[in-house]
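Visitor: Now for the letters of each chain:
2 protein chains.
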Amino acid sequence: MIQPILLTGDRTTGPLHLGHYAGSLRSRLDLLDSHETYLLLADAQALTDNAHDPEKVRRNVIEVALDYLAVGIDPTKSTICLQSHLPALAELSMLYLNFVSVARLERNPTIKTEIAARGFGRDIPAGFLCYPAAQAADITAFKATVVPVGEDQAPLIEQTNEIARRINAVAGRDVLPEARAIIPRSGRLPGVDGRAKMSKSGGNAIPLSATPDQISAAVRAMFTDPAHLRVEDPGRVEGNVVFTYLDAFDPDTQTLEELKARYRHGGLGDGKIKKRLDEILQALVAPIRNRRAEFAQEPDFVLDVIRVGTERARVVTEATKKEVVDGLGLFAL
Amino acid sequence: MIQPILLTGDRTTGPLHLGHYAGSLRSRLDLLDSHETYLLLADAQALTDNAHDPEKVRRNVIEVALDYLAVGIDPTKSTICLQSHLPALAELSMLYLNFVSVARLERNPTIKTEIAARGFGRDIPAGFLCYPAAQAADITAFKATVVPVGEDQAPLIEQTNEIARRINAVAGRDVLPEARAIIPRSGRLPGVDGRAKMSKSGGNAIPLSATPDQISAAVRAMFTDPAHLRVEDPGRVEGNVVFTYLDAFDPDTQTLEELKARYRHGGLGDGKIKKRLDEILQALVAPIRNRRAEFAQEPDFVLDVIRVGTERARVVTEATKKEVVDGLGLFAL
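Taken in sequence, the protein lines are chains A and B.
For the first sequence, the numbering used here assigns the number 1 to the initial residue and increments by one for each residue that follows.
For the second sequence, the numbering used here assigns the number 1 to the initial residue and increments by one for each residue that follows.
Only chain A is shown next, with the shape it has when bound in the complex (with noise of 0.2 Å):
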């Protein structure tokens, strides 16, 4: 049976975190037996902020592999491959950015968003701006049509269908088919201290390959309620990070609804609910985090992962950029 074509990836800008994992490897892992899945260790997307420091970007190609298998992606059931490593990427981006105006790439509100936060003002590096043409090449080079990303990424899908409907269209058929988002059923993961976005380099993320007590550490960090002083006080849920994690991945959803019911009213003390938080995350990352340093110990065949699933993915792209080249009737030599 044909199964959809799925296509994902990260930055390899850091280890992951579980932020990563609430929000797209636990899906992965749900799709992988119903969808051809690639995982694509971005590298070259990652350079397009990071151009001052290419030794931290290859430094993670590593680290990111590393958590793929860690949390269990199956390399004979997905396609682990490096991106700098696949030319006809770079080849595609370097054609679809002819088929999209400088002024819709600065109108794409995910790119808005990102350059601001990033702080870039003026000076944003051209590789920056113009990654959605890179990212419609990601796409296309497999012919995926499922792509999951975090809900202010789905604006980069659009730009993927745009270029793929002008391609189209100048080739007079359907090489290119067009993709849709799935959003992950949970959203972002909060910092641990509360702040919206979890990162390594904020200091406020769980890393996949964090110690029991550096979990415990986090848990014990983690912001709550600032107005519920005393355990008798009420309490508020929503903004509160322990809740929060616990709806990300406490499995009891019964149990925990009244736990929250129990809070609201007042009774119930911060440190037992980080105490069930802890628990939930120690079970949950035990694993991951013995399985990573097993891996660890075996450089080679993380290698080999990315080398064959590189090979398989060459071929892959190869093979839409020719059909692309030919579409539109490029000169073949």
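Hints listed in this document are in silico derivations from the structure and should not be mistaken for laboratory results.
Treat the hints with care, since some could be wrong.
[As the list claims (entries may be wrong)] Okay, the calculated beta carbon distance ranges per label pair: (1) B:GLN297 / A:PHE301: 53 to 63 Å; (2) A:ALA286 / B:ARG173: 23 to 33 Å; (3) A:ASP123 / B:ARG307: 38 to 48 Å; (4) A:ARG122 / B:ASP326: 29 to 39 Å; (5) B:GLY239 / A:ASP152: 56 to 66 Å; (6) A:ARG59 / B:ALA319: 23 to 33 Å; (7) B:PRO299 / A:GLY72: 48 to 58 Å.
[Stated by the list, open to error] These stretches of chain A come out as covered by chain B in the derived footprint (C-beta under 8 Å, 3 or more residues): (8) 50-61; (9) 94-101; (10) 208-221; (11) 304-311.
[As the list claims (entries may be wrong)] Simulated crosslink set (DSS-like; lysine-lysine; CA at most 27 Å straight-line): (12) B:LYS56 / A:LYS322; (13) A:LYS143 / A:LYS260; (14) B:LYS275 / B:LYS197; (15) A:LYS56 / B:LYS275; (16) B:LYS112 / A:LYS112.
Fair warning: this is a prediction, and the values are worked out from it, not measured in the lab.
The C-beta atom is built at its ideal place from N, Cα and C for all residues, glycine as well.
Starting from the structure of chain A, add chain B where the hints point.
Guide: Frame of chain A; chain B shown alone:
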């Protein structure tokens, strides 16, 4: 003896004309023996403002190659190669886009002028805005240090060197050499109608394949001095297209200076100078046209020239890409 490396090329948007001959082809012939010369059939760059008409870009690959062979560019002394078939150029382009800001691209005087000339307004294709980075990839991929360009293109070489310096700074060593522009002695040849730019689409160009009748018709139609009504009137030499062409092509500069003096003084008719120019252009174009017709009979040979050159260029450009990737310390599989 190691020769300096020279890169040049032409967008494949139409057959070449006398403007190309005077402005660049002629000096390339002079440099062929003293330089390791690469000629790029720039179909990828041609797409940056012709994405709506890839068929035109495709068709003119062979036309430009025929023009090269027709003017006497010896494929055994140079490498004629096809830009779109050199993936390292796209890969380096994408990499370089991270080392140049959008603001810097928008400030580039060449780009500003060309955007205005094309009437793009806000709808500049992103590929067009980014083409200085792609041109930097072309130049550096061959490690060219000598780049013959029109005066208006000189800022592009400065942009190339800026990118090379940034790459070298991050790499901590000189991976890429800097290039210098060679500006041809004769400036840009005007159209036969006196407009500044000779172009096929403007209908004011004499193609290198022009028939004797086409040449004569073009010379007859040439703009001279509108105030020079009678033979005995004094005439203007400056801005007189016939004299501009004689300056570019008349090998007998002494006689030409005498004719200019007589024309200025009065007593020399437009018919006489047009007859002289017609004879010179017929003598110049005839062997080019004939060789072009002969090569056009041998499409397999022309294709082979491009194939062999592209293969040779692939080796060179892949090696440079690897040096840049290694220099930046990116992940190697």
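Visitor: Below or equal to 27 Å on CA atoms is what counts here, so check A:LYS143 against A:LYS260.
Guide: The given pair, whose Cα atoms are some 44 Å apart, is violated under the 27 Å limit.
Visitor: If you look at each residue in the stretch 304-311 of chain A, do at least three have a Cβ nearer than 8 Å to any Cβ of chain B?
Guide: Our answer is that it holds, as 3 residues pass the Cβ test (under 8 Å) against chain B, meeting three.
Visitor: Does the Cβ distance between A:ASP123 and B:ARG307 fall inside 38 to 48 Å?
Guide: 42 Å, holds
Visitor: Can the suggested window of 53 to 63 Å be confirmed for the beta-carbon pair B:GLN297 and A:PHE301?
Guide: Cβ of B:GLN297 to Cβ of A:PHE301: about 59 Å, so the range 53 to 63 Å holds.
Visitor: Range first: 23 to 33 Å. Now tell me if the beta carbons of A:ARG59 and B:ALA319 are that far apart.
Guide: 25 Å, holds
Visitor: Please check whether the stretch 50-61 of chain A has three or more residues whose CB lies within less than 8 Å of a CB on chain B.
Guide: Holds: 7 residues of the stretch 50-61 of chain A have a Cβ under 8 Å from chain B.
Visitor: Do A:ARG122 and B:ASP326 keep their Cβ atoms within the hinted range of 29 to 39 Å?
Guide: Holds, at about 32 Å.
Visitor: Would the hint linking A:LYS56 and B:LYS275 be met if the CA-CA limit is 27 Å?
Guide: Violated - the C-alpha atoms of B:LYS275 and A:LYS56 are around 69 Å apart, more than 27 Å.
Visitor: Per the coverage rule (Cβ-Cβ under 8 Å, at least three residues), is the stretch 208-221 of chain A covered by chain B?
Guide: violated (count 0)
Visitor: Regarding the pair B:LYS112 and A:LYS112, is the alpha-carbon distance no greater than 27 Å?
Guide: 24 Å, holds
Visitor: Would the pair B:LYS275 and B:LYS197 pass a check requiring their Cα atoms to be no farther apart than 27 Å?
Guide: Between B:LYS275 and B:LYS197 the Cα gap is close to 23 Å, so the pair holds against 27 Å.
Visitor: May I ask you to test the hint 56 to 66 Å on the CB atoms belonging to B:GLY239 and A:ASP152?
Guide: 59 Å, holds
Comparing the model with each earlier hint shows violations of hints 2, 10, 13, 15; every other hint is respected.
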